[in-house]
Amino acid sequence: MSEQQTYFDIFGLKPAFEVDRSALSQRYRELQREFHPDKYASKSSREQMLAMQYATRINEAHTTLRDPVRRAAYLLSLAGVEVSPEQTTADADFLMQQMMLREQLEEVRDAADPAAALDDLADEVGGLFRAEQQVFASAFAGGQLEDAKNSLLKMQFLSKLQRQVEELEEDLLD
Amino acid sequence: MALLQISEPGQTPEPHQRKRAVGIDLGTTNSLVATVRSGSTEAVAAADGSVILPSAVHYSSEGVSVGAGARARAAADPYNTMLSIKRLMGRGVADVKSFGEQLPYRFADSDGGMPQIETVAGSVNPVQVSAEILKVLAQRGSEALGGELDGAVITVPAYFDDAQRQATKDAARLAGLHVLRLLNEPTAAAVAYGLDQGEEGVIAVYDLGGGTFDISILRLSKGVFEVLSTGGDTALGGDDFDRAIASWIAEQAGLGTDLDVKTQRALLDTACSAKEKLAIEESVSVSYGDWRGTLDRAAMAEILDSLIDKTLRACKRALRDADLAVEEVGEVVLVGGSTRTLRVRERVEAFFGRKPHAEIDPDQVVAIGAALQADVLVGNKSGEDLLLLDVIPLSLGIETMGGLTEKLIPRNTTIPVAKAQEFTTFKDGQTAMAIHVVQGERELVNDCRSLARFELRGIPPMVAGAAHIRVTFQVDADGLLSVTAMEKSSGVSADITVKPSYGLEDEDITRMLKDSYAHAEQDMAARALREAQVEAERALEALLVALQENGAELLSEKELDAMERAMEALRLAHNGGDAEEIHERIEALNEVSEPFAARRMDASIRRAMQGHTLDEFDQ
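Just so you know, the protein sequences line up as chains D and L, in that order.
Counting from 1, position 18 in the first sequence corresponds to residue 18 in UniProt numbering; the numbering is continuous, with no gaps.
Counting from 1, position 261 in the second sequence corresponds to residue 261 in UniProt numbering; the numbering is continuous, with no gaps.
Don't read these hints as lab results, they were simulated from the structure.
One should not assume that every hint holds.
Stated by the list, open to error - 35 Å max Cα-Cα, derived DSBU-like pairs, lysine-lysine:
1. L:K407 <-> D:K160
2. L:K407 <-> L:K427
3. D:K14 <-> L:K419
4. L:K310 <-> L:K427
5. D:K160 <-> L:K419
Stated by the list, open to error - Selected chain D positions facing chain L (Cβ under 8 Å, derived; list incomplete):
6. Q32
7. H36
8. A41
9. S44
10. Y54
11. T56
12. R66
13. P68
For each residue, glycine too, the CB sits at the ideal point set by N, CA and C.
With the rest of the complex left out, here is chain D:
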């Protein structure tokens, strides 16, 4: 597992946005069965050290590949396009839509039935997020890296909003 091997190489996957989640977790377990430090508990200290490094890299690869935003950013970085988390999209319609969704989020607490209002919002955000992933997948597959990058910027927005929805859900539970 050299530094040159990509996360996709490690998992024996093609470098594409669509990833078979069950194949990913199956391969993950196979790899950890081989390299987890527990498998080296009675080996030499050097081998234990190497095992920790490999297991760390396998975990890093797994975390990246199973998360759509990280996976998309990783694919772009392999293609030489870097996107920082602070970067933002210039699509005015999209930004307007985001502002409205955020307002909706702020109003949830005051709704007659906050739980139901939040559910609706969660569904809407979830739908938008999935649709944007489709956009990214086809842009990237078609080699339209600029479009893919713009799509990733939107995915970052939507994933952040999704997290905020979840946090509010947690607050409402308490």
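Since the structure of chain D is provided, determine the placement of chain L on it from the hints.
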């Protein structure tokens, strides 16, 4: 390849000889040790037949006593009897003051680091107290297995932060134990159940002990336990139940709130026994002094429900972190003595909508799981059938401008994990910088737990902002943090000094080891020699097994010869009496065998990659 004749009879053990390993549950209230013997896993009893060792240590001018005898002294001699010491592990003086009056100890002034408790036998710290408990358990284990222990798995609450884990590991070191792994208690419990019943699917482990609460959500698939999320509270448990009931009694009996230590302790004992009786009876009569009253299940439910609510909120959060709905949980496992309280079982059953497992004694299930894992790690089993993938329980971050936390590794990330971060200098010619590492979920550094301050030195002087220092934070499979740093343009590795916020430094442990031998230099030297010999045996054996596996295949004759000579030198040193010499030879052997270790790993990688073509995953 005839060169592989190694072992001198009676010196190094045969590689495949059965090893002596134990699992230890070092609990807040009770501790115990378990082992795998002739195929069955069971807790080890003391000479008097008792399995549970109360986590109580009593100090007197005559010496130290541990267990039931020590606990019995608590009411009469509270200042010298250490109970629930686990709550203080890895904690600072300020934390301890915040749970102030709950702890009847006299804290000695210390320099803001680890708290020191004054006893008639001098001042002691929580690591030393825990080491006393571990020594008794280790002794039990080694008597049961008929010889010196090769290793131990010690369990910790999943929610323990780095400082608490490190303190536990330090205590084990002080007790002379070789720690194979720190294992999270809920994971251990799942292992105990999973291997017995061959389950597959999602398991929730609800662990309510004397002083801590943990909830873990795991997925079990073909012998791999993957921890999906974990949560809980390091300061919530059955002791809080006792306190809530005790203050109810105090209120009913009109005792007021300003109670002395002996009254507090007596009330707690009364409360605890009422709680235990209510697991069997519908109602119990309670008396304190002249006051007499009745406590029934409904009244106790009322007293306890707000505490139980806290645990269920943590369950919800853990499910969310695991991205699962409550309906997807296939099995619920109860761990910890406090799950004997009926109200807890009722509420857990109602929450998960299924009857929880409690077939294995909830006081023993953790130690049993730890013993199973210890047996695998020490090499008694091939281990093909069991692998534990655990997570970091609390986010790890660093302090940035304005006392804010920047998260580097979010909670519930599978370990081992590493994260590299780049820093730059603020001033021209700056050659040092400090990094403050914290653990917790809050935005302000002051609301998180301070783990350590790292000082980077030896940065080459450059103009401000020109130096790029890459700092790597590595969390190992025990959940313990280590930090390395490198200046990128010059490739100079910066020196790091760690100042653990509440922990011990190596010198502290050496000093405490010395103290524990009451200045007997000879004992100290004998122990150092024995430790070095054990380490040498371990190194030789690991290499021997490795050479037999693929030494001929991966090494040239010349390399093999060099390794043979290094091994022979170590064997000679081992039989001599100089600990220093042994350490030097081990280091030398490590150096010679380094390329071999790397080649073995590469061979494993080739093997793991074989038979996996891209097409296989396209189906």
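Next on the checklist: Check the hint pairing D:K160 with L:K419 against an upper bound of 35 Å on the C-alpha distance.
Outcome noted: 21 Å, holds
Checklist entry - Does the CB of D:P68 sit less than 8 Å away from some CB of chain L? => result 13 Å, violated
Checklist entry - Any CB of chain L closer than 8 Å to the CB of D:Q32? => result For D:Q32, the interface hint holds, since the closest Cβ of chain L sits about 6 Å away, which is under 8 Å.
Next on the checklist: The hint names D:S44 as touching chain L; please verify it with the least Cβ-Cβ distance against 8 Å.
Outcome noted: 4 Å, holds
Checklist entry - At a threshold of 8 Å, is the proposed contact between D:Y54 and chain L supported by beta-carbon distances? => result With a minimum Cβ separation of about 7 Å from chain L (threshold 8 Å), the hint on D:Y54 holds.
Next on the checklist: The hint names D:T56 as touching chain L; please verify it with the least Cβ-Cβ distance against 8 Å.
Outcome noted: 5 Å, holds
Next on the checklist: Next pair to validate is D:K14 with L:K419; report whether the Cα-Cα distance is within 35 Å.
Outcome noted: 25 Å, holds
Checklist entry - If you take the shortest Cβ to Cβ gap from D:H36 to chain L, is it below 8 Å? => result With a closest approach of 6 Å, the D:H36 hint holds.
Checklist entry - Holds or violated: is there a CB of chain L closer than 8 Å to the CB of D:R66? => result 11 Å, violated
Checklist entry - Against chain L, is D:A41 within 8 Å by beta-carbon distance? => result 4 Å, holds
Next on the checklist: Would the hint linking L:K407 and D:K160 be met if the CA-CA limit is 35 Å?
Outcome noted: 16 Å, holds
Next on the checklist: With the threshold set at 35 Å, check whether the alpha-carbon distance from L:K407 to L:K427 stays at or below it.
Outcome noted: Answer holds: L:K407 to L:K427 is near 25 Å, not above 35 Å.
Checked against the numbered hints given earlier, the structure breaks hints 4, 12, 13 and satisfies all the rest.
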